[in-house]
Amino acid sequence: MKLVCPITISGVEQTKTLTTATGIDVGAFVKVKPGVGKPFLAFNSLTGVVIAADFDGAPVVETDVAANNAAINDMLADPQPYLDRLTFA
-5 MKLVCPITIS GVEQTKTLTT ATGIDVGAFV KVKPGVGKPF LAFNSLTGVV
45 IAADFDGAPV VETDVAANNA AINDMLADPQ PYLDRLTFA
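The numbering of the sequence shown is our numbering, which starts it at -5 and goes up by one.
If you're looking for bench data, these hints aren't it; they were derived computationally from the structure. Honestly, I wouldn't trust all of these hints.
Here are the simulated lysine-lysine pairs, DSS-like style, with alpha carbons at most 30 Å apart [claimed, not checked]:
1) K10 - K27
2) K10 - K32
3) K27 - K(-4)
I would like the entire structure built from these sequences, with the hints used as guidance.
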């Protein structure tokens, strides 16, 4: 699975694409990266390099793993509106 989220590196927020390992609980993973309160987008796969994303209205990581997994499942069920938020290189 691919996660697109803002990650702060050396004090600078950057849009990054993270690849998760098969079989992990992604709803728990997002609590660590990007972290609670941060927006994220989830996809089964992506082609190309994401250089920017519009996170306005995107799901925000919650402390509740089940709520995170529900948001992820909603994005995976209808990914096009979320794909439209991405800018590729």
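Okay, the hints, checked on the actual structure:
For the hint linking K10 to K27, the alpha-carbon distance of about 10 Å falls within 30 Å, and the restraint holds. Of the pairs offered as hints, the one joining K10 and K32 holds, with about 13 Å between alpha carbons and a cut-off of 30 Å not exceeded. Annotation: proposed proximity of K27 to K(-4) holds, straight-line Cα distance about 12 Å (limit 30 Å).
Consistency note: the structure conflicts with none of the earlier hints.
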